[in-house]
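Chain by chain, the residues run as shown.
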Amino acid sequence: MSGPSFWWIDWSLHGRAMRRETAGRFLLCFMVASYFLAMLLSGGVNRFLSEQYTMTAILRIGVPDGEGVGIAGKVALLPSVREARYRTPEDAWKEFLTTYPGLDSLRRGGKTPLPGYVEVSLRPERMSEKGIADVMSALEPLAQVEKILSGGDVMPGLLRLKHRANIVLWSGFGLVCLVFLVILAMQEKASAARLLPDVSFLADRGTPGERIGARRAVGAFITGGGIVLLAAASSFAFLYFASAGFPFVRIVLGRAQELVDGRFAVPVCLFLLSAAIFQGLASLVGWRAAFPKGR
Amino acid sequence: MIEAFRVGAASRGRPLWEGLTFAVRYGEMWVIAGPPSCGKTLLMQFLRGEKCPDSGDVVVAGESIYRGSPDHHRRFRASCGVVPESLPGEGVKTVTDLFRLSALAAAGLPAAETEGRMEALLSLVGLPGAEGWEISSLSGSERARVALAVELFRSPRYLFLDMLLEKTGKEWADKLGSLLRALAREEKTIIMMERELPDRWKGAKTPPPLSAGPFRLYRLVASSPDRKEEAGDPPSQGGSSLGLTGGRV
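Heads up: the sequence lines are chains A and B, in that order. In the working numbering, each residue's number is its place in the first sequence (first place is 1) plus 492. In the working numbering, each residue's number is its place in the second sequence (first place is 1) plus 434.
No lab work stands behind these hints, which were simulated from the structure alone. Among the hints, a few may not be true.
Just the calculated beta-carbon pair ranges, DEER-fashion [to be verified]:
(1) A:Cys761 with B:Gly560: 53 to 59 Å
(2) B:Gly560 with A:Leu688: 29 to 35 Å
(3) B:Ser557 with A:Gly516: 37 to 43 Å
For clarity, every value in this text was computed on a predicted model and none was experimentally measured. Beta carbons are placed, not taken as given, at the ideal position from N, Cα and C, and that holds for glycine.
Please build the complete structure, drawing on both the sequences and the hints.
Shown next, in the form of structure tokens:
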């Protein structure tokens, strides 16, 4: 017989039912954690948009390649920029011919009539008017830059759409969390109700019900923390393999490896802690529902 | 000591009995006998602090369990064992589960001790090897004996037994009589509610019953005359020839 403790009273007295519930809770946590990690990684539609959208700084004809590389290097250091690549006039000509084959005759004297350019991709989380403006303000003063293509009038509308889509996606996450909490509370109420004869036995022998309820909540917090940690680790593994195996996932969500980046540490820890706290609270709520005050 | 002062009960708007006064000292064993529906279980509930009497008071170690501090009431309840009229069995599946529940109530029995103790107690009530038996498969007598073993598991200072002999059957009267007397000699206070005192228990040394209301009160084991009651109603400690002490009482 294991050492008895009110923290694990459910496990100690109704182990089989608890195993079933824990499996269900793990699945729930896995779904919520997957949603959360996917949103964290992608920033909603930010990742997809940043993969599709590039700003182009067309350089003046005659700007040496060295200067073009230098400009790209400096732009890449801007906080909003994920990647900046310099394309030589020769690269630009090849791309032109790929798009419009048969126009070789435009090239005269071995010289390409096209200028080189710098292609700039923004970080998903900086996909905003401010992020674009930052890059524009860095490029515009440069004498070597002839023109900047940034989407023009379409961009503000697109960014507004992106903002709304993100609100919808985060609201979806909120809804999933709400459903998760409701299921948690129902599960906890059923667990507490299952303990009714046991609690009655214990209360009859001088153990205050409040003490059992509080200690169960501590147990639920610890167990819940373990479950959500395991579920988050499984979600990470799932995203890792999905992003490695399916390019579409990579484009929409990004690479799962990025989640180990330090900037995600705080939100991930907060998520794990909140999930554990909610499970502890749900235990108390379930207890109170099954054993109203004074009962 | 448990003292009942002018305790009265009413049921369905009319008094069942009133003015019941008696005292049960440490290490005494009492059988409170009475006809069906006379309020034996109700009296037991009053004495255990489960239900406040309609009149009068119950005092344990000099403090009322109803008008005294909640902590005193809780400590008294924690030091009680009870085999109720309706036996446990709901919610738990096996005999071991019941012991587990009792261990939870004791909150502090070492895990290594519990196994051996459970086996010893089950053997004592004639159910060796019953640890894994399902509660639903037990007969009424077996259930009553398991319930007694489960209570003894925590080594309670006060033991309340409601219709135990009725449930276990006459065959068990002698064995249980010896066991309970031995417990009383170890300073456990035992109060039994029965319809009648078993004939076999009526010996030459048994004092005549006291009559109180509809009840006949038999004091089968008296406390040692030289036993001094301690002021603060301390928990029982020390070893036991039956090996039933320990835990939180």
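Each hint tested on the structure:
| no. | hint | result |
| --- | --- | --- |
| 1 | A:Cys761 with B:Gly560: 53 to 59 Å | holds (57 Å) |
| 2 | B:Gly560 with A:Leu688: 29 to 35 Å | holds (31 Å) |
| 3 | B:Ser557 with A:Gly516: 37 to 43 Å | holds (41 Å) |
Of the numbered hints stated above, none is contradicted by the structure.
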